[in-house]
Each structure stands twice: as C-alpha cells, then as structure tokens.
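Protein chains in written order, with my numbering: chain A, 1 to 153; chain B, 154 to 306.
Keep in mind the hints are simulated off the structure, nothing from the lab.
Where hints are given, some of them may not hold.
Okay, the calculated bits of chain A under chain B, using three or more residues with CB under 8 angstroms as the criterion [unchecked claim]: (1) 62 to 71; (2) 74 to 84; (3) 96 to 102; (4) 113 to 120.
To be clear about the criterion: a stretch of chain B counts as covered by chain A if any three or more of its residues have a C-beta under 8 angstroms from a C-beta of chain A, and this derived list gives those stretches [stated by the list, open to error]: (5) 187 to 194; (6) 214 to 224; (7) 228 to 234; (8) 267 to 278.
Quick caveat, the model's predicted, so the values are computed rather than measured.
Ideal Cβ positions, reconstructed from N, Cα and C, are used throughout, including at glycine.
2 protein chains.
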Amino acid sequence: MVKVGDNIPNIDLVEGKPDAKVNLCKELGSGLIIGVPAAFSPACSDTHIPGYIAHSKLKSAGKVFVVSVNDAFVMNAWAKSLDENSSSGIRFLGDPSGAFTRALDVEFEAAPLLGTNRSKRYAIVVENGKVKSVDIEPDNIGVNVSAADKILG
Amino acid sequence: MVKVGDNIPNIDLVEGKPDAKVNLCKELGSGLIIGVPAAFSPACSDTHIPGYIAHSKLKSAGKVFVVSVNDAFVMNAWAKSLDENSSSGIRFLGDPSGAFTRALDVEFEAAPLLGTNRSKRYAIVVENGKVKSVDIEPDNIGVNVSAADKILG
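Make a model of the complete structure from these sequences and hints.
Structure follows, in structure tokens:
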C-alpha cells in the first residue's frame, strides 16, 4: 500500500463532468487526499467528510481533495449535497475506473455489494508532491484513523 | 435485445441500501420499467425522469420502476433529489453489477467515461409479467422514444 515518501499516482481523475480531468500528481503540491468507499454512503456522508468540512483547521491543510470510485455525475451531486456552494474549498474527484485507487494499492473487494471494487477509507497528507503521512482504515470503511480530528489535529 | 413477449429477468436489483433486494420478475405484475444510463446525469435528472414524475397519467401506469447501473446509495440519493417524499410512487432500483441490464441486452459501452458499462435508455411496459412493449433509444442516451409523453400518451 501507499507509504511515506511515495509520489502521487500520475493517473487522471474527473471533476464535475466525465471529461473534465484532474491529475493530482501534477496539481497537488501540498495538501490532503481523503479517500472514501462510496459517495452517498452513510459513513462517508454523515460523518467522515462533514467532519472535515466543519473542522476549524481545514483552511490550513492546503488543497483538500476527496476521491472515490464513483463517476463524475455522482461525485458532483454528492459534493453539492455536502457543501452546496463549495465554501469549504474541498474538491470532490471521481476515480470511475478505480485506476488511481489501485495505483495506491488501497482497493478492496466491494463489487458483490456495490458493483465495483472501492477504495479503503484513508487520509494522505502530501508535501511537495510526496506522501508525508498516510492513515488507512484497517477495516476499510470505519472512520477512525482517517477522521478529521486525527488528521487536522 | 429485449422484445415483446419476453419475461422480465429473474435477477435481483437493490433498493435503498446495498443488501435490500428487489426482483422485478417476481414483484412486477403489470407496470413500467424505465432504464437510464446514469443517476445524476443531466438528461436523466433534468428531463427524462422528471417527465414521468410530472405526467398526469403516471398513476394509471401501474408500478413504475427506474433502473440504472448504479449502487443503492447513489440510487437512493438520486430518488430523494428528484422526488423527496416519494410522492410519485416511482421506485428507484440499482443494478450495480449490470447483470439485469445485460440480461435485457441493453448494455452499452460507457466504462471509459463512467467506469462501468451502462444501460441504454428505455421504457418497457410490462403486463402480467411479460414485456408488452419496449422502446429503446437508438443512440443509447437520448430522450425521445422512451419519453413520458410517448409512453404514457
């Protein structure tokens, strides 16, 4: 799995619509990548991401991205449901094929329930384009080591 | 592709949450199945499904189901965004693996854009468990032959 010192995978994600690409390897100098298993799932929607949106230290975390194995339509709608005016500054990126997630080696088997395999829940702090810290939920989907309070302090 | 006289595939779909199964082969005596390419996509969300929700003859169509190759979390959220209190009576079912869609032979290649292949847009009128009429969009995603005005008259 992804570890301290790694580069961010040079794999396109999508934002807002299916053909709008974002490459975190090129775009994210320093900041935070939050991986989640499923847009609109209760743990992701009620606890994990709202915890970041509400956190007093969010603005000092640099660029913050949420990444999930969902398509751009779904990620866009999910973003609006959590943060209608994008006032948090968090950006919501889709990894529809799961290629970015597999490159980080954080995929887990979810296809029997959700149709496709998904991303373990994680938080990766990035500094100067490299992984500075990484916290991956050991049970894939819980909200503990990757929670806002643990990451943003 | 699915044709008049066919049975409805005996394949579970999901409703509301990933483990809540619905089998239209068993449940749908007479009514309507509306297939769509993608939850939260503009054509599906702004035109196709709202056209059914607003149609004066919807209530006489029997049981009405929307089916898409999306997971249950996404379909549930999409349903609430279109019809917050389920007042239309339309039920939104996910076909996360695409198995139901492939059994109807209405899948088209969408994986490069959306991560998974999806369902052509269609409307199937079902009577006594068999396909009474079927209208499939020839370009996969347009809203013409399967529009509410064409199907509900």
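Each hint tested on the structure:
no.: 1; hint: 62 to 71; result: holds (count 3)
no.: 2; hint: 74 to 84; result: holds (count 5)
no.: 3; hint: 96 to 102; result: holds (count 3)
no.: 4; hint: 113 to 120; result: holds (count 4)
no.: 5; hint: 187 to 194; result: holds (count 4)
no.: 6; hint: 214 to 224; result: holds (count 3)
no.: 7; hint: 228 to 234; result: holds (count 4)
no.: 8; hint: 267 to 278; result: holds (count 3)
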